[in-house]
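For the record, the sequence lines run as chains A and B. So the first sequence is numbered by the numbering used here: it starts at 1 and just counts up by one. So the second sequence is numbered by the numbering used here: it starts at 1001 and just counts up by one.
I should point out that these hints are in silico values taken from the structure, not numbers from a laboratory. Just so you know, these numbers come straight off a predicted model, no measurement behind them. Among these hints, one or two may not hold up.
Coverage of chain A stretches by chain B, computed from C-beta distances (three or more under 8 Å per stretch; other residues unrestricted) [stated by the list, open to error]:
(1) 37-47
(2) 141-149
Derived, one-sided and incomplete: chain B residues facing chain A with beta-carbon distance under 8 Å [unchecked claim]:
(3) PRO1039
(4) GLU1041
(5) LEU1096
(6) MET1099
(7) ALA1129
(8) GLY1161
(9) ALA1173
(10) PRO1177
Where a beta carbon is used, it is the ideal one built from N, C-alpha and C, also for glycine.
Chain by chain, the residues run as shown.
Number of protein chains: 2
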Amino acid sequence: MDLEAVATVPLPFAAWTQSRQQRIEAVLDRALAAVPGIPAELTDAMRYATLGGGKRVRPLLAYAAGELTQAGPDAVDGVAAAVEMIHAYSLVHDDLPCMDDDVLRRGKPTCHVAYGEAIALLAGDALQAQAFAVLQTTRLADPAGACRLLAQAAGPAGMAGGQALDLLHVGKAMTLPALETMHRLKTGALIRAAILLGAQCGRAAHGTEAALATFARSMGLAFQVVDDVLDVEGSAASLGKTAGKDAASRKPTYVSLLGLAAAKAHAQALREEARAALAPFGARARRLHEIADWIICRDR
Amino acid sequence: MDLEAVATVPLPFAAWTQSRQQRIEAVLDRALAAVPGIPAELTDAMRYATLGGGKRVRPLLAYAAGELTQAGPDAVDGVAAAVEMIHAYSLVHDDLPCMDDDVLRRGKPTCHVAYGEAIALLAGDALQAQAFAVLQTTRLADPAGACRLLAQAAGPAGMAGGQALDLLHVGKAMTLPALETMHRLKTGALIRAAILLGAQCGRAAHGTEAALATFARSMGLAFQVVDDVLDVEGSAASLGKTAGKDAASRKPTYVSLLGLAAAKAHAQALREEARAALAPFGARARRLHEIADWIICRDR
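Based on the provided sequences and hints, a complete structural model is requested.
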């Protein structure tokens, strides 16, 4: 029995989050089944990089945006899994020795430490491809447009472009607008895709996309500002990854540009922008509000 | 003026091939334009890896399959570019030090030699994403199905799975069926996608897909057998890549399993299978026949 369907009051946020996290875990588990005749190393590495960890921010945003347009979770599963698989592949490649050369991720050895560089490279490649297959397991009003949106979010004008900006700025001075551009592409583009694709799973009214894009932009930047703050304030134990590594690798951050207090204030300002963008939706935006608060007020 | 449109007899194959190669070059050039605000290194590396080289076998197959279903080249451009970008990205990642560690490709330094490993990794990632964006610039009867087909061809049950099989068999004994499975995935899956997607750009009659899948399978394997033969018989100068590297890296090949003469005979047998699969199409399969002959009888 779906408790939510018969409830007269919405689930508390923690219970909603947990139910969707469990749901996406099952969806990803099915989408990443072993393939007969294919080396288990590859599919194991894909599963290792994707399952059993992370806050699932992007899937949660997709489900929440779906609720806003009256799409039930079953109508959003494909989109939610697709954005998470793109995210997971980007972490695998980002951690490789030729990129960030990181050994710890979500409290576990990174994929290439566990499976070797070659298999990690292929697992990331295969995860990106699989994301586009999984996207199209969801019935979408405009499947071609959805494919383009995810591709643009992942490609040179999105996440990959942002990573190139990041890479080429290590150890160099960066203005605040340049830092925002980098994050808007590196993490913001996929967050935006998660929200817009989630909304596309339901019946989006005129103006919904523009308002959600504004929300996504503020939320995405806030997410990154908080990340930078936590990189300074957090510990490896609570973060599940190496703390202080931005400073150690001399990457420009909101904290290095603004200072800690101003970075925190900036996050709160972005939070207000995000809230304002959701105002037209009233109670239908409940989960998106809750996720924004959760992201911006988290301590890990 | 489109000379072909007014011609009463079809273009000779060499002229057709040249016109389609020029066409796909222009399509790829447009699809890989610089992105404002994105480091030129990234888009330059994507262009370097994709433009100005290669036989364009996959786009040619897509255009030829499109002709079979009455799709003009303009209706096939997106599909042709998408499969070529997937192919180009796979070469970039395949050449990386953690994979084949190759320094020469199409007579030029490999992408990571020219741009560094990190940018080459990102350029490959971005090319894969861009392929899915470009795919959906073509009007397809079933855009969701086309996206799934390309994704499956590139993913763990296709190219990436084949590369994992290849990687994990270096220096190990391999049976002929295992070698065929590896090639069916590593190169065959994308060749199949090029042909089936090209055919989907037009009006495919019942049974067309099954016959073309059979053609693709034989053609794809023949392509690989000939590659193995040329790796033994060719020189770096004529191949534009390092010759004899399969033997040097102790990879199983058709030549190492069958011997040179039997490998050549196997290629001819596959050629006959491919021809037989096209029989129902008569003259509409002219270009596919010509491509198969060209691939199997090439000396570089």
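Against the structure, the hints come out as follows:
1. 37-47: holds (count 7)
2. 141-149: holds (count 5)
3. PRO1039: holds (5 Å)
4. GLU1041: holds (7 Å)
5. LEU1096: holds (7 Å)
6. MET1099: holds (5 Å)
7. ALA1129: Check passed: Cβ of ALA1129/B comes within 3 Å of chain A, closer than 8 Å.
8. GLY1161: holds (4 Å)
9. ALA1173: violated (16 Å)
10. PRO1177: Interface hint status for PRO1177/B: violated (10 Å vs cutoff 8 Å).
Violated hints, in rising order: 9 and 10; the structure is consistent with all others.
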